[in-house]
Amino acid sequence: MELFQNLAQGFAVALTLTNLLLAVSGCFLGTVIGSLPGLGPSNGVAILIPLAFTLGLDATEALVLMTSVYYGAMYGGRISSILLNIPGDEPALMTTLDGYPMARKGRPGDALVLSGVASFFGALLATIGLMLLAPILAGIAYLFGPPEYFALYLLAFCTLGGLASKNQAKSALAAAIGLGIAMIGLDNSTGLPRFTYGEIHLFDGIDFLVAIVGLFAVSEIFIFIESHGKKSAIGVTLRKVTIPIKDIIHCLPTMLRSTLVGFVAGVLPGAGASLGSFLAYMAEKSIARDKSKFGHGNPRGVAAPEAGNNAAAGGALVPMLTLGVPGSGTTAVLLALLLTLNITPGPLLFQDRPEVVWGLIAALLIANFVLLIMNVPLVRLFVSILSVPPNILLPGIMMVSFAGIYSLSGSGFDLILMILFGLLGYLCRKVGVPTVPIILGILLGNKMEDALRDAMVISNGEISYLFSSGISIGLWVAAIVGFVLPIFLRPFLKTPPRPAD
Amino acid sequence: MKNLIQTTLLSGIVVGSLSVASAVTAAECIAPANPGGGWDFTCRTIGKIMYDIGAVDKPIQVTNMAGGGGGLAFSHVVNERGDDGDLIVAASSATATRLAQNAYGGMTADQVQFLGAIGADPGIIAVAKDSPHKSLTDLLNVVMEDPTSITFAGGSATGGFDHLKVLMALGRLGYDDVTSVKYIGVDGGADAITQTIGGHTQAMTGDMSEIVGFLAADEIRVLAVFTDERVPGFEQIPTAKEQGVDIVSVNWRGLYVPKGISEAEYNEWSDALASVAASSEWEMAMQANGLAPFTKVGRDFQDYVNGVVGEIETLSREIGVIQ
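Chains as they are written, first to last, in the working numbering: chain A, 1 to 501; chain S, 1 to 323.
Excised from the complex, chain S in its bound form (with noise of 0.2 Å):
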């Protein structure tokens, strides 16, 4: 009797605490990767915002879905999930950077509908604050006369966003040499900025939101800013197209929608997205979060996004990570 008793103990113990989070009926958002990083801010802030102004008439569940870089997620969406329309998925320029160099075992972007991005990470060029390079065209000339003096350290692999970032803005001045640009891809961007401030690599590339707090200590100096226009907040950091390296080059923290769903359940979704990009409750979280604005809802969205993967797909066959 006694055994009875502990074991269903332990069973409800397990039970209990796995559903917790499902608890009560909702729509699901899923971010490919564990907790802590971009794709977990997109679904727990949008998600939250989505039903706390009533955009959503039910609680949005964020699922965790880690693995290949957002591919086990993509293909889940893909094969199993294609026509659900209570299901949204975290997406950033690091979706499209896969997607356009085969990471996800063969899918494309155009098995998925992307439904739009509502703020963007700028990308930025950081470097310590006593370096002896004080704009992003010294340090580049610097790289482009002797590409062994600097090493670039950000957050992403070989081949990721951060590591093209730097090659396409050194690809606007010419430089074509992509493969002699060192680069070593650490833990994240918080790391990235450490090991830079740490004077083991020279530079950093990665996005604001990353070197915010940095900034602030006063420990780092932003040596431009990969936008259009300065960002509200950052006045104070030059974009690239200033110092004339024609690049504008944005994390967009953006959603993807299945295949398989209806036009009203689409519309639904970008109706709802559109709603929390013009709360206030977003403006403070995008403030808080070194995200500058940036609405690309609907259709649109699907050509931008088009247009980055031809771009990242040519550039990445130069630097031979796609064959």
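So here's chain A without its partners, still in its complex pose (with noise of 0.2 Å):
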């Protein structure tokens, strides 16, 4: 049994009571951040790199420290998107859509515990994932050339309109003002620029935080200040925190297979977290029989994203140990530090480091268990910070958000842009244009326009390339069945009755 001796020797290394401090400290840090608007996880993980250097701390201790807060933040992301339907960092968008109305039922503790177990289940069989499958699953990554994402992005596209069951002419729409945000910048394909204007904070196009903090948590004071407090969003309190076990056992096979679809894409280093979150939801909605009550505080739609974000997290530690591809932001950030600590990711890394590797994912099933207890018994804590009266805490979101935009680049720009958004934010709230499909529009547009455009100077614009491997042509027939089938034969389909109990 070698894969206890490894898992054995990474808990020796990782196992000492230092690592459980940091591990505990850097769980919460992690929380905290990913918590915040405007702090996601991979600002929060570079922001607290100079940290461990100032420390001192050796190799496994600055990753244990590092990993640690890096899936604090994914699980703190979902607390602001629950209680103020802001979320907290890119991956959470997701979650505000069921988790938010959830909220708003009355049973905000059933929504952040059911979440909390629902990222704990994706983290720990990523974690699983990573420890068993990572060098026969990095070849995966070789297999996806330019048609392939494009495909797998044009299944996102097409799913999308199921987004918001309401009006989906609005929500297309919404798609497309995210799609022309992604056109600002350089272009990867000539290698000029794009509606810059000469402006050199747009050369690299639109960061989505920006957006993501501008259309949700600016566009929330605008609403505000209109209503004068009477419209906010804000102002969900927590009473009694109980298990809601039942919701917990109905939701375990969507957090199956969401953990799946999202560590796959995980895995993928051209898809990510925030794709993960996404197919994992929309697979959900397309498979269950009440789709009506998704958006609505559906607990399923509670369980996807979160189960799915998380996989992802662990998913995009794949390709970044065995090939050295950040799959992520964050992965990026930890691949530097690693770097930092002279230690090359790689397909040797396995073979070669064994103690850092094991190290690593002990750690990750530390950190874990860690912030399962943190986040569930322990979320009043974090939802106290977040439940003073709105007048006080909106100022304090603000201020939260300014400056973490602000240390994003530096820039009074990306303030400005922000406010921009938010006041985008504000005018598609007043007429019903949904605002999670512009955030996907411009997270997705740009990559799915490089893998086309890439795919067609590979095959010297050769159409038929697209459709060349079972894995396009697979995810091209998921895409047609998703999108275009459901039109055409709606008016034949019946809704399928509910099984009896």
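Among the hints, erroneous ones may be present.
[Claimed, not checked] If you anchor each label on the Cβ, the simulated ranges turn out as follows:
id, chain 1, residue 1, chain 2, residue 2, range
1, S, GLY244, A, PRO354, 38 to 46 Å
2, A, LEU7, S, GLY54, 36 to 44 Å
3, A, LEU55, S, ASP57, 47 to 55 Å
[Said to hold, decoys possible] If you only want the chain A side, here are some residues facing chain S, beta carbon under 7 Å, derived:
id, residue
4, GLY185
5, ASN188
6, THR190
7, GLY191
8, ILE200
9, PHE203
10, LEU323
11, GLY346
12, ASN391
Rather than coming from a laboratory, the hints here were simulated on the basis of the structure.
Built from N, CA and C at the ideal position, the CB exists for glycine as well.
Join the two chains, each given in its own frame, into one complex according to the hints.
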């Protein structure tokens, strides 16, 4: 049982008093960072890297601290999504869809505990997946070239229409706005800037965090001011936290499915955690019998994205460790940390530096249990930070948002941009256009465009190249089935009856 | 009262987490990109060694200022920190490339002082292990005969340094139909090599450090390294020169400082940089990261950068990334 030997070796490295303390404080800091709008996992980890150096931590200790912060932030992101309808970071975006309505219905505690358990589930299974399968999974990245990525993004876009159940046209309009915004910046395929008007701040395009914080947090302020606080979304208070065992059991299959979807998305370097949580949510919605309840506080809609994004966070470590390809912004930061510690990730890392890899895996497992404890029974602690009256809380959130966004690039330009997004968000809310597809458009648009144009360069403009592999054909079929078929079949299909209990 | 406590707690946590980085007074190294890339490595490693070996008397704090491919940091330094003697900024061949291509909003290389480079990532061309192309000339001959048959993948956008390297090599063989050469820019060198091993692209253009792990795992074949001599530790890889392609192209790792600092401050920094270059810590860091020795510190380096900027400008005009 080589695996257990390895794991035992890992725990021997990771399970010291210092490391446990680091794991606990890392998890706490991470959860706080994750729950604050504008401070996502990647800047959270980046901000704390100097701390690791100042404390003089060795390689394993630094890794324990940083991965705890990483996982902590992935957990924490859901708290403000659920209680404030403001995603703490971009992977927590999808959690607003059902988490917040569930909280509005008087079940904020249940939503938090359920999503906490889902996060635990996703992260734990993903860590186990990483442990057992990393060297094999690394091979998946080789199979995905531009045509496969294009088909994957296409699949995401095709399911997007089903996101807002009320008005698909508005949802499509929002996605188009997002796509338009995604076009800003340097065009990767020609090396020329687009829509930048010579403004250097726009060369790299628009950061999702700026858009998220603007659309969600800043627009909230405008609504709050306009209605003198009456229509504000803020103000869900948490009374008693019980464990909604029924919901948890009911959602177990959801968590399993979402973990699988999220993990696979995480393993693909071109996809990442946001796509993982999005696909997990959409997959769950598409197979659900009670579709109409999604978006109105369906517990499965809370569990799915959280299991999905935490599984993706674990999955993203696979290409990072085995190929040196970071699958997300945060793993890019972790990669930097490894390099600074003179550890070069790559195909031989598992053989050459087993103590680092298994120490890291043990650290992840420890962090996960610490986070479960911290996020379920102690969730009140985090919530109490957010449950102050809106007239105190909102300015506080604004302050954090401005500081967080300023820390991205240290420029006032992003702050102005954030306020403009706030105005856009306000207008969208007024006319009932959902803001989530805007973010998804920004998030996925560029990558989809690059994948298509790269594919066309490789194939000399031959369209058939897009369908040249089994994977891409499979994804195309899924996209068509998910999008086109329901439109034509809708008149002929009745909603399937619910199974008798 | 409870609210007050909560608010204080909230702001305390925020301020606390934001100010961890700036708790001590320190000199500053700006990495003009998000953590994770070469510039970040330059700042963190050089900054740490400088302080550890006592070449500077205060710790060097790293600030990540991503934006505009380094342009944001460049304009910040030119416009707001023009005489800050406590500031160094990470730079590389990419900085020179973008200055040459006027990608920094009209700013030019002479608006800062280039301090020096103390290591370089040698340029390489690699193919998958099972590729039919056995040598650099093999590959380039195929490109010259039928440019549609080979796609290069690299970690920079079209017109970036990885792309230009290929064009320069072809140029040395007398091929100047630069726009017909197929290139895709993906998300970093490791991604480019992944695409190449996966068979989606036929060759990868990048830097040595990006392929070290894959080379050790015997998944790729490096056709050539773009240095004068074979790189220590990688003696099995032939240089392009040996194969009759007279090109030297490295991605140097270095620093620039603001234009307006005093001569004394400039000399202090260049002395500190020179002692990092000579330290055993730096030697180890270079080895671990696949860097080759490449030390040019002080005014020599400024001249070198000016020369590189000139060449890239000409080539970029030909491929149309500048008009």
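For each hint, the structure was consulted:
no., hint, in the structure
1, GLY244(S) x PRO354(A): 38 to 46 Å, "holds (44 Å)"
2, LEU7(A) x GLY54(S): 36 to 44 Å, "holds (42 Å)"
3, LEU55(A) x ASP57(S): 47 to 55 Å, "violated (21 Å)"
4, GLY185, "violated (9 Å)"
5, ASN188, "holds (5 Å)"
6, THR190, "holds (6 Å)"
7, GLY191, "holds (3 Å)"
8, ILE200, "holds (4 Å)"
9, PHE203, "holds (4 Å)"
10, LEU323, "holds (6 Å)"
11, GLY346, "holds (2 Å)"
12, ASN391, "violated (10 Å)"
This entry does not satisfy hints 3, 4, 12, going by the numbered hints stated previously.
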